[in-house]
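**Q** Construct the complete structure from the given sequences, taking the supplied hints into account.
Using the UniProt record's numbering, you'd call the opening residue of the sequence shown number 1 and step up by one each time.
Among the clues, some could well be false.
When the alpha-carbon atoms are kept at most 30 Å apart in a straight line, the in silico DSBU-like pairs for lysine-lysine are as follows [unchecked claim]: (1) K161 - K142; (2) K161 - K110; (3) K142 - K79; (4) K79 - K110; (5) K99 - K79; (6) K34 - K18; (7) K8 - K91.
Quick list of the computed label-pair ranges, beta carbon to beta carbon [claimed, not checked]: (8) P74 - G151: 32 to 42 Å; (9) G62 - V144: 37 to 47 Å; (10) K99 - Y28: 15 to 25 Å; (11) G151 - R3: 36 to 46 Å; (12) T134 - A76: 32 to 42 Å.
Keep in mind that the hints were calculated from the coordinates and are not lab data.
No experiment lies behind these values; they were computed from the predicted model shown.
Note that beta-carbon positions come from the ideal geometry of N, C-alpha and C, so glycine has one too.
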Amino acid sequence: MIRPVEMKDAEPLLVLLKEVDQSNVMRYSPGERKMTIDMQFALIEETIQQSRRAIFVYEQQGELMGYCMCQAEPYARTKHIGEIVIGVSEKVRQQHVAKRLMETAEAWAKEVGIHRLQCAVFERNEAARQFLQTSGFLEEGKRVDALYVDGRYYDEISYYKLI
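**A** What follows is the structure, given as structure tokens:
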């Protein structure tokens, strides 16, 4: 089941975020996320209070297995832009969880008046790149040497989709 995040999700969401970081294809390196449970509570509270920000979670048998974080730009010239980040537990990969989270994010985007969704992915995250392309996102460009991992530089690929 996909639903908006609730305050009760603070600890399980933090656990999921750290698990997804272990994949080593997200912006945070494994073990690098220093968010505390209190910080997570504050983030969720702030998100719930803002109409142009959302976190959706995928829950299966009482356990959080996926998330989608959405944030719209606040400025007049860019308020039509929404940034998204999706993460899914390895336990449910290949079960279309990311697809359902993306559909939820797109519905939210339409509801709050977003015209353009965008995201950036690690160049070596082939699964995410393929997923975005099959979801109708177009590659916009790359940020060369944007990420430094294990003594090596990697590009970050930017994608967008007009709603």
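**Q** Please work out if K79 and K110 have their alpha carbons no farther apart than 30 Å.
**A** holds, 13 Å
**Q** Verify the CB-CB distance for G62 and V144 against the hinted window 37 to 47 Å.
**A** Distance hint for G62, V144 holds at roughly 43 Å.
**Q** Sort out whether K110 lies within 30 Å of K161, counting only the CA atoms.
**A** Answer holds: K161 to K110 is near 12 Å, not above 30 Å.
**Q** Tell me if the beta carbons of T134 and A76 are separated by a distance inside 32 to 42 Å.
**A** holds, 33 Å
**Q** Between K142 and K79, is the straight-line Cα distance small enough, at 30 Å or below?
**A** Roughly 23 Å between the alpha carbons, so the hint for K142 and K79 holds.
**Q** Measure nothing beyond the straight line between the CA atoms of K99 and K79; if it is 30 Å or shorter, mark the hint as holding.
**A** holds, 25 Å
**Q** Is the Cα-Cα distance between K161 and K142 30 Å or less?
**A** Given pair K161, K142 holds - Cα atoms ~16 Å apart, limit 30 Å.
**Q** If I claimed the Cβ atoms of G151 and R3 lie 36 to 46 Å apart, would that claim hold in this structure?
**A** holds, 41 Å
**Q** Does K91 lie within 30 Å of K8 when you go C-alpha to C-alpha?
**A** Roughly 22 Å separates the two Cα atoms, so the pair holds.
**Q** Does the Cβ distance between K99 and Y28 fall inside 15 to 25 Å?
**A** Between K99 and Y28, where Cβ atoms are some 23 Å apart, the hint holds.
**Q** Could you tell me whether the CB distance from P74 to G151 stays inside 32 to 42 Å?
**A** holds, 37 Å
**Q** Keeping to a limit of 30 Å between CA atoms, is the pair of K34 and K18 held or broken?
**A** holds, 9 Å
The structure meets every hint from the earlier list without exception.
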